[in-house]
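Chemist: Next come the chains, spelled out residue by residue.
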Amino acid sequence: MATLVTTRREFLVGTGALVVSFSLTPGALAQTAGKKKPVAPTEVDTFLAIARDGTVTMYTGKVDIGTGIRAALPQMVAEELDVRLDRVKMVEGDTALTPDQGPTWGSLSIQIAGVQIRQAAATARKALIELAVQKLGMPSADLAVREGVVFVRAEPHRRVAYGDLIGDQDFNLKVDPAAPLKNPKDYTIVSQPVPRPDIPGKVTGTHTYMHDFRVPGMLHARVVRPPAIGATLERVDEASVRRIKGVKVVRQNDFLAVVAESEWAAVKAARALKATWSKWEGLPEPAKLWEHVRNTPVAKDDVAANVGNAKTAMAGAAKTLKATYDFAIHTHGSMGPACAVADVRDGKAEIWSPSQAPHWLKREVAVTLQMDPANVHIQYLDGAGCYGRNGHEDCTADAALISKLIGKPVRVQWSREDEHGWDPKGPPTLLELRAGLDAAGSVVAWESELWVPKADLTEWPRTLAATHARIPQKEAINPGNIHRNLDVSYPFPNQHSVAHRLASTPFRPSWIRTPGRMQNSYANEAFLDECAAAVGADPVEYRLRHLTDPRGIAVLRAAAMRANWQPRPAPNRDQSGPIAKGRGVAYVKYENTRTYVAGVAEVEVNKQTGAIRCTRFVVAHDCGLIINPDGVRAQVEGNIIQTVSRTLKEEVKWNRSRVTSVDWASYPILRFPEVPEVVIELINRLNEPPWGVGEPAACLPPPAISNAVFDAIGVRLRSVPYTPAKVKAALGAKA
Amino acid sequence: MVTLVVNGKSHRLDVEPDTPLLYVLRDNLGLHGPKFGCGLAQCGSCTVLMDGKAVRSCTFAVSKVGQGKIVTLEGLGTPAKPHPIQQAFIDEQAAQCGYCVNGMIMQTAAFLGARRNPSERDIRQALADNLCRCGTHQRIIAAVKRAAVLMGKGA
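These protein sequence lines map, in sequence, to chains A and B.
Taking numbering that gives the first Met the number 0, I'd label the letters of the first sequence as residues 0 to 734.
Taking numbering that gives the first Met the number 0, I'd label the letters of the second sequence as residues 0 to 154.
Incorrect hints may have been included.
Unchecked claim - Below, simulated DSS-like cross-link-like pairs (lysine-lysine); rule was C-alpha separation at most 25 Å, straight line:
{"id": "1", "chain 1": "A", "residue 1": "K88", "chain 2": "B", "residue 2": "K63"}
{"id": "2", "chain 1": "A", "residue 1": "K580", "chain 2": "A", "residue 2": "K606"}
{"id": "3", "chain 1": "A", "residue 1": "K34", "chain 2": "A", "residue 2": "K244"}
{"id": "4", "chain 1": "B", "residue 1": "K63", "chain 2": "A", "residue 2": "K244"}
{"id": "5", "chain 1": "A", "residue 1": "K580", "chain 2": "A", "residue 2": "K725"}
{"id": "6", "chain 1": "A", "residue 1": "K173", "chain 2": "A", "residue 2": "K134"}
What the hints assert, rightly or not - Here's a subset of chain B near chain A, in silico, CB distances under 10 Å, partners left out:
{"id": "7", "residue": "D26"}
{"id": "8", "residue": "H31"}
{"id": "9", "residue": "K34"}
{"id": "10", "residue": "G38"}
{"id": "11", "residue": "G67"}
{"id": "12", "residue": "T71"}
{"id": "13", "residue": "E73"}
{"id": "14", "residue": "M103"}
{"id": "15", "residue": "R115"}
{"id": "16", "residue": "C131"}
Read the hints as simulated data drawn from the structure, not as lab findings.
Note that the Cβ used here is the ideal one computed from N, Cα and C, for glycine as well.
Make a model of the complete structure from these sequences and hints.
Modeler: This is the structure in structure tokens:
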């Protein structure tokens with residue numbers, strides 16, 4: 000970072016390094032000037048620095064990908080330290096300055112990273128009080144803290160500020176897991192709605208996104224992708240771009256790129272460059288996808304639940320049901336395509352990336368560059384929302400490799416076709432469920448099978464750059480923990496759930512918001528609705544009948560109440576008229592270990608066209624202690640609206656060679672006129688741990704909408720997306 | 000050479016005539032409001048105003064601008080002195096990743112420039128060709144409603 004200090008204007012205009020150095024307090028600078036800032040999660044100085052003026056800098060390896068942790072994490076620190084919120088600055092995602100707290104995924108930023116930082120703040124507060132005891136000559140019981148000033152309760156004029164106690168010095172302390180935390184009843188900052196610090200910059204064009212960042216001497220590059228996923232490059236006709244000014248062709252094996260001084264020249268050259276590629280048709284026939292999935296060899300079976308004896312109970316059940324559910328391949332669909340800047344020279348790599356996982360990406364880039372990870376430095380800058388591992392990481396590897404090959408700093412911005420066509424995909428998901436009901440209609444046996452790709456969980460998806468350049472990298476696929484929530488959120492007496500982890504999957508997989516948990520909850524909660532309908536039970540009452548967890552019962556009741564749910568079985572008896580209305584409920588305990596969510600979807604189904612409109616979606620949400628209620632609401636709204644889009648509209652299209660849904664016309668998403676009203680009921684539990692909110696509510700729309708459509712028109716949708724064609728086919732089959 | 004009037008300032012620029020306006024604004028003038036989203040005029044992230052009308056700058060060749068007066072997000076207001084629409088987006092916290100928000104605000108500026116007291120249905124229709132992936136729609140609709148009120152009062 001320091002090596003890039005420059006007075007050149009274009010650098011100062013758009014530089015993220017500048018953003019970072021502004022946010023470094025004198026304290027932090029003193030640390031970096033003297034000795035290396037620690038990044039081990041055992042040290043208080045890893046997470047916190049207090050400057051002489053009292054400014055607190057907090058460091059996190061998590062990054063704000065649009066979720067609002069730039070507001071929420073400082074809230075946790077300000078509360079625990081007793082400083083004003085506007086005195087806390089956050090440094091995020093710089094691999095040299097921040098601890099590796101894992102990728103920003105799995106709804107864990109608050110739950111894991113926030114809790115770690117909070118404990119560091121509690122340790123720091125305790126140490127500051129001890130310093131104040133010496134300074135003020137009073138026992139700690141007689142001291143109190145307000146806005147970063149320790150004072151004697153009885154004589155408030157006797158005071159000392161944090162900045163005077165520790166300003167610009169290291170704490171040199173281990174994080175003390177026993178350091179007392181503030182009593183939640185005394186909270187004044189946590190659980191209060193707080194505006195996000197980045198929004199004024201974002202709405203005025205002054206916030207520095209990755210795409211705005213420039214370094215001196217930087218060239219623009221574009222990667223030229225093969226016309227088929229597995230094609231190899233046979234010949235490049237460099238003369239085909241000679242008429243475009245200042246263009247250079249860069250190639251390593253099947254990795255092909257163009258570099259130019261102007262961005263538009265690079266775009267034009269990438270389009271104009273003539274290259275001959277081998278033929279490749281390795282993708283399954285789209286119409287036979289599910290056959291392909293069933294015929295893929297199983298690498299291993301993961302048993303997600305084994306309670307009682309499901310087989311025996313099923314055999315003895317008064318009534319049995321079975322159904323098959325499938326869920327299409329999805330793309331992340333980030334609004335902005337991936338972008339990165341890399342400067343790889345003299346055995347060192349300086350990288351700027353919008354990746355959700357700078358610390359992990361360091362290792363991947365090191366593999367691509369065939370370099371020691373210690374020589375790779377990554378700084379995070381905001382990209383477009385990623386919702387998992389999208390194209391950011393691959394684009395970063397592209398920029399790094401091109402920079403290494405030409406020895407100059409390079410900026411790569413993907414095209415829309417790159418992002419839709421080449422980001423790793425949410426894999427196709429297939430489920431089969433069977434239930435056995437007793438004479439009273441209750442579930443006594445539950446069996447489920449899931450077909451999803453295996454997960455080499457410690458490995459990342461291979462980078463495109465390394466694959467095409469034929470740089471050695473481990474063969475691995477990783478779609479995330481997609482077996483979670485295959486086990487149901489109900490204590491049925493006999494359960495057996497197994498995930499068949501497949502050895503391969505058609506497209507390079509990765510995780511997309513609520514990976515697996517969404518698909519598994521969809522099948523579980525839609526199938527449970529089938530059970531309720533089979534015995535003529537009200538869907539809410541049927542769930543409550545099986546639930547024993549008081550927090551689960553509370554969210555379900557809260558959602559039903561907010562939706563003004565009147566008990567009756569589905570389907571709705573009145574299905575007359577061209578537009579039929581219905582309602583559907585779903586309930587999930589996320590990963591069966593944390594956040595509780597329940598939702599009610601209200602839909603209108605056009606019986607002529609088969610079009611479904613979700614008009615309203617009610618959510619009740621219990622994530623334990625809420626840090627920023629407005630941030631939680633924003634995340635829940637996003638979960639619902641994005642997932643209504645995925646449920647009703649989205650599916651990747653392909654031919655035998657490549658993805659063909661490479662823009663917004665061929666991969667449509669929900670538009671403003673189609674967006675439901677989202678109604679949210681938050682349950683705040685001050686004395687419970689703070690759990691994640693970025694994903695759990697996204698479990699709800701696929702089952703709740705299927706259930707609502709059944710209520711409206713009496714047909715069961717078991718294939719996401721619920722397109723008009725599928726609705727019409729289902730209506731036709733019923734008639 | 001091309002002459003462009005952007006945010007009230009005139010610029011003489013040496014750019015290829017087929018360059019989309021977006022690249023000139025971002026790369027030559029260093030403006031960061033308009034964003035590259037698709038390059039296909041499908042998402043709206045790149046929207047700017049030309050003579051008060053919303054234009055997708057990613058597919059609009061700079062040579063076609065002619066005498067048109069361009070306003071970008073930066074031309075509306077600043078963090079210290081935001082335009083009422085920008086203020087409404089701050090008040091409603093109507094951004095998650097914020098990548099689409101330039102388009103939402105510029106489309107709204109064109110819309111509210113021609114329309115007073117819009118209904119929610121009008122607002123949804125006005126923004127139908129602007130895509131948001133984070134699912135911020137509800138807050139954006141609220142922000143446009145708020146902006147309409149602020150501008151009505153302010154005018």
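Chemist: The structure should be examined with respect to each hint, and the outcome stated for every one.
Modeler: We went through each hint and held it up to the structure:
Between K88 (chain A) and K63 (chain B) the CA atoms are separated by roughly 45 Å; this puts the pair beyond 25 Å, and the hint is violated. As the CA atoms of K580 (chain A) and K606 (chain A) are separated by approximately 10 Å, the hinted pair is consistent with the 25 Å bound. Only pairs whose Cα atoms come within 25 Å are accepted, and K34 (chain A) paired with K244 (chain A) is rejected, the gap being roughly 47 Å. Between K63 (chain B) and K244 (chain A) the CA atoms are separated by roughly 22 Å; this keeps the pair inside 25 Å, and the hint holds.
Using a Cα cut-off of 25 Å, the hinted pair K580 (chain A) and K725 (chain A) holds, with the two alpha carbons roughly 18 Å apart. For the given pair, K173 (chain A) sits about 22 Å from K134 (chain A) by alpha-carbon distance, which is consistent with the 25 Å threshold. With a least beta-carbon distance of about 5 Å to chain A, the hint placing D26 (chain B) at the interface is held under the 10 Å criterion. For the restraint placing H31 (chain B) at the interface with chain A, the shortest Cβ-Cβ distance is roughly 4 Å, inside the 10 Å limit, so the hint holds.
Among the interface hints, the one on K34 (chain B) holds; its C-beta lies about 6 Å from the nearest C-beta in chain A, closer than the 10 Å criterion. The interface hint given for G38 (chain B) holds, since its Cβ lies 6 Å from the closest Cβ of chain A, which is under the 10 Å cut-off. Among the interface hints, the one on G67 (chain B) is violated; its C-beta lies about 20 Å from the nearest C-beta in chain A, farther than the 10 Å criterion. With 10 Å as the threshold, the beta carbon of T71 (chain B) comes within range of chain A, its nearest partner Cβ sitting at about 7 Å, so the hint holds.
About 4 Å separates the beta-carbon of E73 (chain B) from the nearest beta-carbon of chain A, less than 10 Å, and the hint is met. At a threshold of 10 Å, the smallest CB-CB gap from M103 (chain B) to chain A is about 9 Å, leaving the interface hint in force. At a threshold of 10 Å, the smallest CB-CB gap from R115 (chain B) to chain A is about 20 Å, leaving the interface hint violated. The beta carbon of C131 (chain B) comes within 7 Å of a beta carbon in chain A, closer than 10 Å, and the hint placing it at the interface holds.
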